[in-house]
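Trainee: Residue numbers (the numbering used here), protein chains in the order written: chain L, 21 to 377; chain F, 21 to 377; chain H, 21 to 377; chain S, 21 to 377.
The hints are simulated quantities; they were obtained by calculation from the structure and are not laboratory data.
Don't take every hint at face value.
In this list, chains with the same sequence are indistinguishable; a pair is considered to hold if it fits within one copy or across any two.
As the list claims (entries may be wrong) - Subject to a maximum C-alpha distance of 27 Å in a straight line, what follows is the list of computed DSSO-like cross-link-like pairs (lysine-lysine):
no., residue 1, residue 2
1, 373, 163
2, 295, 195
3, 163, 133
4, 328, 133
5, 195, 95
Number of protein chains: 4
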Amino acid sequence: MAGNTFGSVFCVTTWGESHGAALGAVIDGCPAGLALGESDIQQALDRRKPGRTPGATPRAEEDRVKILSGVFEGKTTGTPISLLLCNADQRQSAYEELRDVFRPGHGDYTYFKKYGLRDWRGGGRASGRETAARVAAGAVAAKVLAAEGIEVLAYTKAIGGIWADPEAAVAGITKQSIYASALYCPDARAAAAMEERLAQVRREGDTLGGVVEILARGCPAGLGEPVFDKLDASLAAALMSIGTVKAVEIGDGAAVAAKKGSEVNDPMTEAGFEKNSAGGILAGISTGQDIVLRAYCKPIPSLSLPQKTVDSAGRPRTITVAGRHDSCVLPRIVPVCEAMVCLALADFRLRQKAVRL
Amino acid sequence: MAGNTFGSVFCVTTWGESHGAALGAVIDGCPAGLALGESDIQQALDRRKPGRTPGATPRAEEDRVKILSGVFEGKTTGTPISLLLCNADQRQSAYEELRDVFRPGHGDYTYFKKYGLRDWRGGGRASGRETAARVAAGAVAAKVLAAEGIEVLAYTKAIGGIWADPEAAVAGITKQSIYASALYCPDARAAAAMEERLAQVRREGDTLGGVVEILARGCPAGLGEPVFDKLDASLAAALMSIGTVKAVEIGDGAAVAAKKGSEVNDPMTEAGFEKNSAGGILAGISTGQDIVLRAYCKPIPSLSLPQKTVDSAGRPRTITVAGRHDSCVLPRIVPVCEAMVCLALADFRLRQKAVRL
Amino acid sequence: MAGNTFGSVFCVTTWGESHGAALGAVIDGCPAGLALGESDIQQALDRRKPGRTPGATPRAEEDRVKILSGVFEGKTTGTPISLLLCNADQRQSAYEELRDVFRPGHGDYTYFKKYGLRDWRGGGRASGRETAARVAAGAVAAKVLAAEGIEVLAYTKAIGGIWADPEAAVAGITKQSIYASALYCPDARAAAAMEERLAQVRREGDTLGGVVEILARGCPAGLGEPVFDKLDASLAAALMSIGTVKAVEIGDGAAVAAKKGSEVNDPMTEAGFEKNSAGGILAGISTGQDIVLRAYCKPIPSLSLPQKTVDSAGRPRTITVAGRHDSCVLPRIVPVCEAMVCLALADFRLRQKAVRL
Amino acid sequence: MAGNTFGSVFCVTTWGESHGAALGAVIDGCPAGLALGESDIQQALDRRKPGRTPGATPRAEEDRVKILSGVFEGKTTGTPISLLLCNADQRQSAYEELRDVFRPGHGDYTYFKKYGLRDWRGGGRASGRETAARVAAGAVAAKVLAAEGIEVLAYTKAIGGIWADPEAAVAGITKQSIYASALYCPDARAAAAMEERLAQVRREGDTLGGVVEILARGCPAGLGEPVFDKLDASLAAALMSIGTVKAVEIGDGAAVAAKKGSEVNDPMTEAGFEKNSAGGILAGISTGQDIVLRAYCKPIPSLSLPQKTVDSAGRPRTITVAGRHDSCVLPRIVPVCEAMVCLALADFRLRQKAVRL
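This is chain L alone, in the form it adopts within the complex (with noise of 0.2 Å):
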């Protein structure tokens, strides 16, 4: 109930600050007899390393990650499967001047006024270091799907306004044509055209938001719970937990609410569906066709330029966030945001098995 915890079958529990001694996931309800191996999930944490962009953060975090239980010889046990990430960086004095001011746009406040104290070593739980747990047990749910023939790609839309060429999207995007890209853009001239905003913005001592673009393929017919549990409420709250995201859309999404029904309902043939506005989702459940979902993020909170604040004891303040920063959460959410839709599927497609004799 206090939070930590997602999915109701596949069920993920994830601990850890971002400067504390270590952080992890402990992922409980993973079938038995899967094939998962360190690597498998190295893989994933890899692609979430800072260090690939200009703008990127050269902070030292190199994950490795450990499995410490529910596999043996190889293969999952049914048991509880502990995920563990060292934390390298647990260099406290670099936050000091964190200690009693709030800075703008972070959680600092928020937490305070909840708990009555914090962690303010580099945001502590709030930081978006914890995603690295999300994507570590997100890559176990990969797996889980991989065997029913499920995969899960995202990748960057847009940044700072600059959008991907929409037509060229959907349909022939492979995990070879994101990953080529640094800023995970499988449209390579909108790509150029964000690194150099990108620049710009970072000398300015700015950041910038942008809009990641999840797509699911191979999701059988079925998955979802109504009426609270729908697919999309639960694919919706995966995404929008992460701190990032400030908006979520499904399919043809915000735009429905300024157009007709005969132009959003999709016709159905005896060849299946005419086209997917409604992004793969019917009342909460899927209706075989890709599942499509924007994330639209905030720019980084922290910036290089002054801001104003206040303490602990509410005086006035001026904070300048230094240095080791992104100057935008794309590309690095992009494998966070692929994680969360993970879960969320693995989790349904397991809920699935029991709604039939």
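Dock chains F, H and S against chain L, hints included.
Mentor: Leaving out everything else, chains F, H and S in the frame of chain L:
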């Protein structure tokens, strides 16, 4: 796990089909000692009633709620509150033609794929009628919130691409200014344009989508549970669990993805936050400011126009969904959005009680 | 979290007070496609009816169940099944005298301390009447189990210290041999002695306790979830959640605490286990043998004898609980124990479906 | 849902196998601001250490706990507390002979049937070693309870049929009187007789069962959630979830089944309850008296005597489980029972905070 329950402390389970004997909600976890009567709930249900606007359904949906348990001598007892809504209109004959055919844009196909059979009478459990139980439960949640000084308001923000004035919107809105409008739109000029647009589209046999904005006032800082049960994640799920909603955003929402950090961050001063781009939530926890959300609704999929579809055997069919349907899910969905936000906030308000000793 | 829900896949929420308008159960997670009618449930309810034995309550408890949702054309649809039992007997006047006084051995005092107020009409939610909803839901669970080849039987094992023959008990027991006895005791000789003892104690104005044994046949090996949701842990909770039960044991139960390992271990041979000291569960998972449990029930606390107690203000009172009460909770509690074991087993049977891909 | 989580507000997930790299627990929902250090936990773990009694296992189980998250500057932060116990003894070779054979009385067979494979190193997840994580988590729960004035004590009540003096037992028991005894039995005379009996049975190559009594003092009236999550139901599940426990009773327990109501009811006077037959719980809610429970433990199934069993292929085998095992699960299980009761009570204490506005 089958998805018909919402909340973890203030916990609501709904049941019932569109054309079954009845529908209802069971609330488990409502605090004891709260004054509650049927009229508290009836008022909310009446706002969901059809027949207010030109394009509204003429179906008989005179919902009278009965409280069957959990209230004694005018006060909640702490035991489950069972709410019953009998279905006046159980004419299954009107739907005989839908027995074997899947309506485009509806859940007919997905329910059939999920369960292997379906209740085809008016959509069964997938009908919008299911939301009446949510509204009833939401009215109880609203009483919990009122006791804690929190008020939730929902209103029509846009229909068919016509938007209410964004400036006028949040600050001065009251229940009165909302319900003075047949469309629940506090901006009278926009409302008039929306009605005109609706009338025109209805003449075409078509339908329109729209946007609902929800505003929570008086919410203390500190509500929301990191990391998966963030307040915004749960609110997004709450809204996206309404069948018609295809996108959800918080505060400045999708727009932040194209902005710079210096534009999006809300500076703090001794007097509080200088603005509210965040929509009242930082790092998944309420800031104490107004919480502002928007739900983007698709057009009602039941059209008077002929549509291509298939039947249970996969054979092509043309369908014209006759008659008694609204031409826009707004304003009737407005109280549903309000109810879902009330349910989520009441739950988080109670969850917060266990966070400190 | 407020405790009125049982199960995680086959999930039941009950509601209702002894003398309120009605009581009921909502089952969420019953698989789709199961044949189900009101008569399936009525049969189980009839077995809980009072009036079979000399010492039985003459209250009108003619329970007629209505299925309000989740069943269409004679089959479950996968959506919530709402079961309704209207209360014929709502005479609150009969309980006026209990408004301010706590009956010894009842929940009057603890409900008052927990909630700050209480529904004093016949015990309200704490009444044995609440178990009618469990029996109704349990009948649906029994149908799920029957479809999987599992049968659950419960019967009177002891009353007031008089025990049924332990040898005769398990092997040859059938529904017929149980229900042939007014006391639901398949050992006719013991049953006669129990009836005599009951008659005597009733003449004294006193009441008696007893033991229910529950037997599940046909349960496959592999049900139960380590480590906290062990099958025996969940069955123990299921039985101990019945107000009258003060001890639960599995297999040889409490007796094993005085034995040696060589006596308790069940040796295995090619033909299977040589005996069943374990009661069909090892390490919290079913072995495939019969599951055997016993629930120890306290005497009904409502006596015709004067008892010392206090009122809401803490002042001493003497109370004589008049009239219409059973002198032993058996046999009426027998179908309740059966229902609870059915609910637990149905849940674990469905949970097992997600354990392997 | 896979069963490795306990509690709904104070929520613990354990993970780890007997001979894997490590085992641990994640506590989600511990209130913020509680003073907590590794020594608080270590003390409890040390009480579970082997080697105190003649019949005790000589295995190296020097458990050193590490707190990896959720504590900052000596106080809990409200975020998940991750506890780690590394396994010193990972010698899988010692168990090679168990690879294909099922030990009688163990979970070897049932795990294999459930999952289709099993970790055969020392019982894997089904090993008693798993309870170390429970003890660690229970120590945190004990600190929550202490802050609320509640103390939980567990002690040896019987071994091999030799009982501690029932009169002496409850009233004067202290932590000191318990831990003064190598068997954790506060009745020294009984303890001596137990040790003698244990020595004799150990010489026979056999093992013994016993009874643990658990006593909670200072628990306020009002804890427990009707109807399914009754306090006694949850405590029964908590204890029965320990692999060795085959029966659980509360207060006078099983004995009430042979008594009259006038003997069992606890009369109330101005000074409080006159006696405590109920064991501190009425209608599933605490009365404010001492809570008294007993757990009946079976003899350890690992015997030095030859036993009949089968292998994975169903072929008959004779097995002698060599060496390093205790001859009785008491006293080592005593801190585990204490831990489980602490976990349950801490959870209900926090749940009660949301019952009234």
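Trainee: Which constraints among the numbered hints does this structure fail? Numbers only, ascending.
Mentor: Hints that this structure does not satisfy do not exist here, as all of them hold.
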